[in-house]
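Q: Just so you know, the sequences run in chain order H and R.
Per our numbering, residue 1 is the first one in the first sequence, and the count goes up by one each step.
Per our numbering, residue 430 is the first one in the second sequence, and the count goes up by one each step.
These aren't lab readings, by the way, just hints derived from the structure by calculation.
Think of the CB as a built atom: it goes at the ideal place given N, C-alpha and C, for glycine as much as any other residue.
Just so you know, not all the hints are guaranteed correct.
[Said to hold, decoys possible] Simulated restraints, written as ranges between beta carbons of each label pair:
no.	chain 1	residue 1	chain 2	residue 2	range
1	R	I532	H	P375	38 to 46 Å
2	R	L573	H	N277	27 to 35 Å
3	H	D121	R	A528	27 to 35 Å
4	H	K86	R	P493	58 to 66 Å
5	R	G485	H	K191	47 to 55 Å
6	H	K298	R	F501	40 to 48 Å
7	R	I532	H	N72	42 to 50 Å
8	H	D294	R	I540	36 to 44 Å
9	H	A234	R	E460	26 to 34 Å
10	R	F501	H	W429	42 to 50 Å
11	R	K614	H	A234	37 to 45 Å
[What the hints assert, rightly or not] Here are the computed lysine to any residue pairs in the SDA-like style, where the Cα-Cα straight-line distance is at most 25 Å:
no.	chain 1	residue 1	chain 2	residue 2
12	R	K542	H	A334
13	H	K248	R	L432
14	R	K549	H	G293
15	H	K269	R	D487
16	H	K273	R	I637
17	H	K425	R	I637
18	H	K192	H	L426
19	H	K248	R	L691
20	H	K106	R	A528
21	H	K272	R	I637
22	R	K542	H	D64
23	H	K218	H	Q235
24	H	K106	R	Y535
25	H	K106	R	L529
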Amino acid sequence: MRQKKTFMKRGQKIGTVLVICGAVFGLTLGGPAMLSAKEVKIGVIWPLTGPNAYLGGTCKSMTDVVLDLINNSHDIDSPGDMFRSKGLPNLGGATVKFIYGDDEAKPDVGRSAAERLVTVDKVDAMQGTVMSGVSTVISQVTEKYQVPIVNSNSTSPKLTQRGFKWFFRTTPHAKTFIGTILAFLKDLRDKKNLKIETIAIVCEDTQWGQDAADVIRKNCPKYGLKVVVDIPYAQESTSVEAEVLNLKKTNPDVIFMSSYDNDAILFQKTYKKYNLNIPIVANNTGHTNQLFGDTFGKDTHFVMTRDMWSASMLETIPLAKRLDEMLKKIGFKAGMNETTGRVFIGTLTLMDAINRAGSTDKKAIQKALQETNIPGSYLALPWEGVKFDSNGQNMYGGAIMTQWHDRQLKAIWPWQISETDVVWKLPSW
Amino acid sequence: MLLQSIASGLLVGSVYAIIAVGLTLIWGIMEVVNFAHGSYLMLSMYICYVLHMLMGFDPLLSMPIAVVILFFIGIGTYKTIIFRIMNAPMLFQIFTTFALQFIINYTVFLIAKPTFRTVKITFLDGVVKVKGLFLDNAMIVSALVCVLAFLFLHIFLQFTKIGKGIRATTDNPRAALALGIDIEKMYAYTWGVSLALVAVAGAILSRIIYTHPTVGDKFGLFAFVAVALGGFGSIYGALLGGLMIGVVTTVTGVYAIPWFKLPSIFAIFILTLIVRPRGLLGWK
Numbered sequence: 001m002r003q004k005k006t007f008m009k010r011g012q013k014i015g016t017v018l019v020i021c022g023a024v025f026g027l028t029l030g031g032p033a034m035l036s037a038k039e040v041k042i043g044v045i046w047p048l049t050g051p052n053a054y055l056g057g058t059c060k061s062m063t064d065v066v067l068d069l070i071n072n073s074h075d076i077d078s079p080g081d082m083f084r085s086k087g088l089p090n091l092g093g094a095t096v097k098f099i100y101g102d103d104e105a106k107p108d109v110g111r112s113a114a115e116r117l118v119t120v121d122k123v124d125a126m127q128g129t130v131m132s133g134v135s136t137v138i139s140q141v142t143e144k145y146q147v148p149i150v151n152s153n154s155t156s157p158k159l160t161q162r163g164f165k166w167f168f169r170t171t172p173h174a175k176t177f178i179g180t181i182l183a184f185l186k187d188l189r190d191k192k193n194l195k196i197e198t199i200a201i202v203c204e205d206t207q208w209g210q211d212a213a214d215v216i217r218k219n220c221p222k223y224g225l226k227v228v229v230d231i232p233y234a235q236e237s238t239s240v241e242a243e244v245l246n247l248k249k250t251n252p253d254v255i256f257m258s259s260y261d262n263d264a265i266l267f268q269k270t271y272k273k274y275n276l277n278i279p280i281v282a283n284n285t286g287h288t289n290q291l292f293g294d295t296f297g298k299d300t301h302f303v304m305t306r307d308m309w310s311a312s313m314l315e316t317i318p319l320a321k322r323l324d325e326m327l328k329k330i331g332f333k334a335g336m337n338e339t340t341g342r343v344f345i346g347t348l349t350l351m352d353a354i355n356r357a358g359s360t361d362k363k364a365i366q367k368a369l370q371e372t373n374i375p376g377s378y379l380a381l382p383w384e385g386v387k388f389d390s391n392g393q394n395m396y397g398g399a400i401m402t403q404w405h406d407r408q409l410k411a412i413w414p415w416q417i418s419e420t421d422v423v424w425k426l427p428s429w
Numbered sequence: 430m431l432l433q434s435i436a437s438g439l440l441v442g443s444v445y446a447i448i449a450v451g452l453t454l455i456w457g458i459m460e461v462v463n464f465a466h467g468s469y470l471m472l473s474m475y476i477c478y479v480l481h482m483l484m485g486f487d488p489l490l491s492m493p494i495a496v497v498i499l500f501f502i503g504i505g506t507y508k509t510i511i512f513r514i515m516n517a518p519m520l521f522q523i524f525t526t527f528a529l530q531f532i533i534n535y536t537v538f539l540i541a542k543p544t545f546r547t548v549k550i551t552f553l554d555g556v557v558k559v560k561g562l563f564l565d566n567a568m569i570v571s572a573l574v575c576v577l578a579f580l581f582l583h584i585f586l587q588f589t590k591i592g593k594g595i596r597a598t599t600d601n602p603r604a605a606l607a608l609g610i611d612i613e614k615m616y617a618y619t620w621g622v623s624l625a626l627v628a629v630a631g632a633i634l635s636r637i638i639y640t641h642p643t644v645g646d647k648f649g650l651f652a653f654v655a656v657a658l659g660g661f662g663s664i665y666g667a668l669l670g671g672l673m674i675g676v677v678t679t680v681t682g683v684y685a686i687p688w689f690k691l692p693s694i695f696a697i698f699i700l701t702l703i704v705r706p707r708g709l710l711g712w713k
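Please construct the entire structure, taking both the sequences and the accompanying hints into account.
A: Here it is in structure tokens:
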């Protein structure tokens, strides 16, 4: 009897130990890296070389800043308090590693970069890119391989109309932005009594430019504007003499442009050459980057652009000021702007999702992205927040209008946030 | 506005013309189609860009250096590659120069990366207004340089020993050989002169547009159309073809549907082939 009791006691001990071992074993082997992940790999694609290299460099500067915020401790509020700890807190302090790909602003190169990141580097999630035409192709790769991707900069509405389940976009798209531009023009016409009846559309010929052209063409009549000429031009054109002379001949009240950096610069040079003095409202990008301001100085000639940033936000959004300082510290002298603001929000959203997922499991990250609800107080731009609809499109986010005054962009609309009066009647060049 | 379009078109066309003349020289004298022509234009632009960044030279000042460098590159290209395919079937020649285009473009791509680069112009910038026409100073200088280049080419071909040798080789290579003219040397000089002309265009263009590894491809295409329009082998035909392309693209872009600007060149080209297959000034 005593032997039986001793045996049973030993058996219980052994059994208990086995159960505990089994539990620990099961937890550590229960699928891909759970709480003890050492490193989270994110594939990030930007146009680091090619015609949009300046834009790509801008984006990379901000992702480098966010990487520092995540992997080191900073006294800055963030969802899940990610920035105050080192690494992602819900993944046992796992370090985040960005593996960069360069799309050179070309869809085929972007596709190759995405394929490499997914199949060779085996990243856990992705972010990128800028040009809508390239984002279209990259997201086809991530959808095929079921890798979650966050896009913070491409604005073609079609990107979130494809029924993709792994693509999430934090930036508003062209319909929102064009709506802002048209509302501004109508408000300007009504409140300032200006003659704004005819409009010329001058857009580059890739997906971004032509989607913007489609949206504005369809919506102009609702705002009392007549499209008098539609000029699609080849991106990376070597000469725009014909286009500018056509505008001079047509003489619209306002010109709407969607241009990347080099095209915006070429057009502005040609406008000056032919003394074209028609107000321009631009769809951001080439007309918003500091490169435009630095290239032209006073010859920015009061170009207006839809924007999401103005310098006054450095005072009204403390996080923006911190980020501005961090950008300048790593050598990005232009500091905070609309592009870096949007990239910050995209990267933050992805990091927040992975942290909430507590895992590098792609389905878990996808689910976490679908459940994203980041309040506006954590963002570097004045948006309500980040929350995705069933198509993966952020339901929040809006734009303002800014105008170049020498080398600076100043907010001009809505009226309550304007820093200066709108210059509509242009002086001589 | 029509006069302005024509004036702007002529100024732009003068650059296309000088690129086309270089191309037609090689075809007219050696019957080799040089698909790498645009790539050499790009090389000239990079030479001017590098000299601008290192020494602060305006490309107009770097032009003689680019001309000399490209002249010797042309001779080198002939002596190492082209001479081997002189008697090869045409398709073989086409593929060889096509391959050369890719090798040059992607070598530069690897070294310089595809970032777009621009030269900051500090003199002969701005616009003059002549009888209501806006004329870009940079383009006026370009047109003048092109005119000088044509004059120089004319004098070279008509009055120098090498030029006469090149013309003799063009007319009848066997007779030229029999007369003691070293036709291999004439062919090498032809390549050198062709690329020297492209170097002039490259220096001009580097002041106006951005430099990147594939910038020459578009101009190479325009040059082919100009040569075919003007007539293969005709220098004055290439000149006329280049000017026509400049004017047609500008006028079409202003008065017709803007996106038809580029297709209009090819439409005119096809029309010329139908009506006058040898080109406007081509040989019979």
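Q: A range of 47 to 55 Å was offered for this pair. Does it hold for the Cβ distance of R:G485 and H:K191?
A: Once the Cβ atoms are compared, 50 Å apart, the range 47 to 55 Å for H:K191 and R:G485 holds.
Q: Between H:D121 and R:A528, does the beta-carbon spacing fit 27 to 35 Å?
A: At roughly 33 Å between Cβ atoms, R:A528 and H:D121 fall inside 27 to 35 Å, so the hint holds.
Q: Between H:K106 and R:Y535, does the CA-CA distance stay at or below 25 Å?
A: 16 Å, holds
Q: Between the alpha carbons of H:K248 and R:L432, is the straight-line distance 25 Å or under?
A: The given pair, whose Cα atoms are some 13 Å apart, holds under the 25 Å limit.
Q: Is the gap between the beta carbons of R:L573 and H:N277 within 27 to 35 Å?
A: Holds, at about 29 Å.
Q: Against the range 37 to 45 Å, how does the distance between the Cβ atoms of R:K614 and H:A234 compare: consistent or not?
A: 42 Å, holds
Q: Note whether the CB distance of H:K298 and R:F501 lies within 40 to 48 Å or breaks it.
A: 44 Å, holds
Q: Holds or violated: are the alpha carbons of H:K425 and R:I637 at most 25 Å from each other?
A: 29 Å, violated
Q: Given the hint of 42 to 50 Å, is the C-beta distance from R:F501 to H:W429 inside that range or not?
A: 43 Å, holds
Q: Given the hint of 58 to 66 Å, check if H:K86 and R:P493 actually sit that far apart at their C-beta atoms.
A: 60 Å, holds
Q: Taken at face value, is the distance from the CA of H:D64 to the CA of R:K542 at most 25 Å?
A: 22 Å, holds
Q: Hint check: H:K218 vs H:Q235, CA-CA at most 25 Å. Holds or violated?
A: Status holds; Cα separation ~23 Å.
In the structure shown, a violation is registered for the earlier hints numbered 1, 8, 17, in ascending order.
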